[in-house]
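Engineer: Turn these sequences into a full structure, and let the hints steer you where they fit.
Number of protein chains: 2
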Amino acid sequence: MKERVLHIFKNAPEPLDAIVIANDVEPNIDMSFYYATGVQSGLFEQCAVVLWPDGRSELFTSFLEETSALTSGSEIRTYRKSAERDQMLKATLKGVKRVGICGSGLTYRMLQEMRKWTAAEVVDVHKAVEAARMIKDQAELESLREACRIASEVGELLPSILKKGMTEAEAAAEVNYLMQRKGASAPSFITNASFGPNSAEPHHSPGEDRLKAGDAVLFDYGALFRRYGSDVTRTFFFGKASKKQRRMYEVVLEAQLAGIDAIKAGANGKDVDDAARKIIDSSEFKGLFIHSLGHGIGLSVHDGGRMAPDLDLELRENMVLTVEPGVYVRGEGGVRIEDDVRITKGGCEVLTSAAKELRVV
Amino acid sequence: MKERVLHIFKNAPEPLDAIVIANDVEPNIDMSFYYATGVQSGLFEQCAVVLWPDGRSELFTSFLEETSALTSGSEIRTYRKSAERDQMLKATLKGVKRVGICGSGLTYRMLQEMRKWTAAEVVDVHKAVEAARMIKDQAELESLREACRIASEVGELLPSILKKGMTEAEAAAEVNYLMQRKGASAPSFITNASFGPNSAEPHHSPGEDRLKAGDAVLFDYGALFRRYGSDVTRTFFFGKASKKQRRMYEVVLEAQLAGIDAIKAGANGKDVDDAARKIIDSSEFKGLFIHSLGHGIGLSVHDGGRMAPDLDLELRENMVLTVEPGVYVRGEGGVRIEDDVRITKGGCEVLTSAAKELRVV
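In order, the protein sequences belong to chains P and L. Under my numbering, the first residue of the first sequence carries the number 113, and numbering increases by one thereafter. Under my numbering, the first residue of the second sequence carries the number 113, and numbering increases by one thereafter.
All clues given are correct.
A pair counts as met if it fits within one copy or between any two copies, since identical chains are not told apart.
Once the Cα atoms are required to be at most 30 Å apart in a straight line, the calculated DSS-like pairs of lysine-lysine come out as:
(1) Lys382 - Lys228
(2) Lys382 - Lys193
(3) Lys390 - Lys193
(4) Lys324 - Lys294
(5) Lys398 - Lys193
(6) Lys228 - Lys239
(7) Lys276 - Lys294
(8) Lys193 - Lys376
(9) Lys114 - Lys206
(10) Lys324 - Lys356
(11) Lys202 - Lys239
(12) Lys228 - Lys209
(13) Lys376 - Lys390
(14) Lys294 - Lys275
The set of hints was computed from the structure by calculation and includes no laboratory data. Being a predicted model, the structure only gives us computed values, none of them experimental.
Structural biologist: Next comes the structure, spelled out in structure tokens:
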């Protein structure tokens, strides 16, 4: 993935002879390994990729994952034992004086392993990698579009899932099944289905609580497609909606649309957050929007970049971010509405299309 | 989780004043954080836990996950901003001269963060943590039993899933749905459904290949229950089975039973591997069992410990490991049979019960 590698070097704060990205074992995998190599399958535990300033990359893979390695844009170096990996990397990195690492994904243990490969000075360039990853290229956008299509189609079906007396865990199972039937390789994170008061907890884990009339029903879910994940939230009301619930929904939807409206290349993320937040804070729900407005998505569900108060983030073309205001009333319930958008020169393209008018199911 | 903390300190190679376990952001979470604290829900990105030699633990959590933190056995310290976290940890670690870290789960970035908390000498104790995690306590066994029950019940249903012309991805979706309906919070890893020649690739990703008569059908899957995952493989034949396929199955099953038979506390993992391997290597499938016999399971699907040639591992009571011999013929297909077992004094308890007689569906 030559362009991606060049992009990382361009972002680096100082000249480097090479960059090494190395995985530990699951779950301690550096998603940047997948970014730099473009491998479409495989796990690559304790494997490494060496990036060079001319855009070349060398992927050191164990024999077991050689087939997956062939889906990458890198030159493939296959080893059978880790001692062989160490020898090959030592030879490869000979003469390298200053080497970049990706400190947000490299474990301390793998850094010690790396010491067997090179004595070069180490520079943590995770910010350069993150900045490159934030601007999506065409292949990444294609995967994200597909991940968003799947989540959107499932979004339209959410009301049909709901049955009185079902548990949150059952509802989450239905969402995951629908996503996978529509082409997702997996959910992009653990699906959140929250009923009633549980919807007031932004990160609720679906459990055994059962659906009853008057409940707010909040689904926060996403589809993984070729390692890229979407992230969508829809909130419904089951059986009936109180005046307060309707009003919450109205305010959150207005805030979300205002946020989307404020987005464009060149805007500051904190101003977009403010455009949405001030609508909630000038309503009777003041102070109840307790998280930031959105975050980057991609290979990780929190892929770098946030639109939040007091945080400068210059929005740039082809960043992909969530826009997800919410209002949470402890003990009663919450409403959140979340879409994924691609930043464009003049505004943004909303990639997730499921209906979001207030709906009583 | 006092006993777990004491166990880690007991395993440490030298006296320590404290141990710090810190998460980065998903997926770079240290599963040992969940082990040491026992938290049942929540993600705890960039949160830390401090373990003390007397068995106490202090969990530093962001306000957003305070509710989840209350499910832990640790003392809770809540912060709102990371600067506040840094201050609290600095005060807590005052006077600590030598601090343990878990190098297999700590990122380089979080190590730099930790430098704001303490100037103490750092000792990587990930082997001590891994050794503690390998011996499961009662709460862990309870979760693993449930994860195994779910996978076993689904195992019995696998033949009923199979329909001529279905894709591997569709078959994997059915498996995941069944697991979640039976109480799994998620699959414990990406479900592998391999048809025909794809079954010869141990780590195949399910794709668009369709099921046809004569195919071997290999399912490798597991259920996650309270963060603990099972790991099971069953192989079937669709429509018909050739003489060679039947023979492969027979040999792999015999090898698996021999492996299970060789297991007991005090045995060496490499001897157990050998007991299974020599059955395959004395058959016409010599050399086609291309991976190790088994690995520990728990909070991670590769949870520490392997039964493999040339690797010493003393089996101890309440370790939980997979036993999974296989035979792989490139271009044709493979057979693998995998169960999860708990080591006992005199042998082992097989935790996964799905039928494993040769079956043509």
